[in-house]
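K.L.:
What follows is the residue order along each chain.
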Amino acid sequence: MKATSLHLRFAVLLAVLGLTALGGCASSDLVRVQPWERATLADPLMRPDRDALATAMTEHVYFSRESASGGRGVGGSGCGCN
Amino acid sequence: MSLRIKFWGFLFLLFTSRTCVRADVRVGDAFPALSVLGQAGAELPAMAGKVMLIDFWASWCAPCKESFRVFAQMHSDYRARGLVIVAVSVDEKQGAFDSFVKKLGPPFIVVRDKDQQLVRQVSVPAMPTCYLLGRDGRVRFVHQGFYGAETDRLVREQIDALLAENYSDS
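So the protein sequences, as listed, match chains A and B. Residues 1 to 82, numbered by this note's numbering, are exactly what the first sequence covers, in order. Residues 1001 to 1170, numbered by this note's numbering, are exactly what the second sequence covers, in order.
These are computed hints drawn from the structure, not numbers from a lab. Treat the hints with care, as some may be off.
Computed spacing ranges between beta-carbons, pair by pair [claimed, not checked]:
(1) B:R1079 / A:D51: 43 to 53 Å
(2) A:L53 / B:A1048: 54 to 64 Å
(3) A:V16 / B:S1002: 17 to 27 Å
(4) A:A15 / B:P1125: 30 to 40 Å
(5) A:Y62 / B:R1069: 34 to 44 Å
(6) A:T40 / B:D1160: 31 to 41 Å
So these bits of chain A aren't anywhere near chain B, every CB distance computed over 12 Å [said to hold, decoys possible]:
(7) S5
(8) Q34
(9) E37
(10) P48
(11) V61
(12) Y62
(13) F63
(14) R65
To give an idea of the chain B side of the interface with chain A (calculated C-beta under 8 Å), a few residues [claimed, not checked]:
(15) F1031
(16) E1092
(17) I1109
(18) Q1116
(19) V1124
(20) M1127
Just so you know, these numbers come straight off a predicted model, no measurement behind them. For each residue, glycine too, the CB sits at the ideal point set by N, CA and C.
Please put together the full structure from these sequences, using the hints given.
P.N.:
Next up, the structure:
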């Protein structure tokens, strides 16, 4: 067997191994939470807005602290007075 | 076998093996045997020669709760004509399963896939998903999700069609 042929085969083998390994990065199976595994995600505790009062308070603090940005969804001067 | 054939065969297997792991159950496929559920909490029916509706659900899935009401009515309407409804829970916690079943009191067969073996084998795409099987045990229709009256109407049409089919065991 010629040396060039061996080199070619070695290069192809490396390429296939590389593609196989990189293919794993593209596979959704690695990171995807399966539909039957979503009990924790479906828990009401996972909702950030589950408590209306706490949400209103957080929004107000955020609005006050952010000052000039105008808060979240509310027009204002950024003085933190309202 | 020459070294060259072995080499290219090895590369082919290496490259294709990754894509052969998942085996989703699709329309036309034979549905896996329910015996993988083992002692699932209820006596499992024989599948051969029956039109079956197999529903995958979970206690944490809101549309599943709504679907139970509809399936209960279907069970009452079609049981005499030979429809068997099996609702397979994917709940990991026995307590959640028990309290859901106790609350809704479904009249059809309800089992728990405690090791999530069947659901993995079927590779259910969403919660809930129901599979309608013909008398030959093959999947004929798949309903991903539950859309109230629309799903109810479609499933009933399909059940009627499946029950009307002639079936011979030979």
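K.L.:
Hint says 54 to 64 Å; check whether the CB-CB distance for A:L53 and B:A1048 agrees.
P.N.:
Holds, at about 58 Å.
K.L.:
Once the shortest beta carbon distance from B:M1127 to chain A is found, is it less than 8 Å?
P.N.:
Check passed: Cβ of B:M1127 comes within 5 Å of chain A, closer than 8 Å.
K.L.:
Looking at A:V61 again, its CB stays over 12 Å from all of chain B?
P.N.:
holds, 31 Å
K.L.:
Any Cβ of chain B at or closer than 12 Å to A:Y62, or is the non-interface label fine?
P.N.:
The claim holds: A:Y62 sits with its nearest Cβ about 30 Å from chain B, beyond 12 Å.
K.L.:
Evaluate the given range 34 to 44 Å for the C-beta pair formed by A:Y62 and B:R1069.
P.N.:
Holds: the Cβ-Cβ distance is about 41 Å, inside 34 to 44 Å.
K.L.:
Identify whether the interface hint at B:V1124 stands, where standing means a beta carbon of chain A within less than 8 Å of its own.
P.N.:
holds, 6 Å
K.L.:
Would you check whether the claim that A:P48 is not at the interface survives, using Cβ distances to chain B and the 12 Å cut-off?
P.N.:
holds, 18 Å
K.L.:
Can we trust that A:S5 is non-interface, i.e. its beta-carbon lies farther than 12 Å from all of chain B?
P.N.:
Check fails; 10 Å does not lie beyond 12 Å.
K.L.:
Under 8 Å is the threshold here; is the Cβ of B:F1031 close enough to any Cβ of chain A for the hint to stand?
P.N.:
This hint is violated: B:F1031 lies away from chain A, its Cβ roughly 17 Å from the closest one there, beyond 8 Å.
K.L.:
Should the hint that B:I1109 touches chain A count as held when the rule is a Cβ pair under 8 Å?
P.N.:
violated, 19 Å
K.L.:
Within 31 to 41 Å or not, the Cβ separation of A:T40 and B:D1160?
P.N.:
At 39 Å between Cβs, range holds.
K.L.:
Can you let me know if the beta-carbon spacing of B:R1079 and A:D51 is within 43 to 53 Å?
P.N.:
Taking Cβ atoms as reference, B:R1079 and A:D51 lie about 45 Å apart, which means the hint holds.
When held up to the earlier numbered hints, the structure conflicts with 7, 8, 9, 15 and 17 and fits the remainder.
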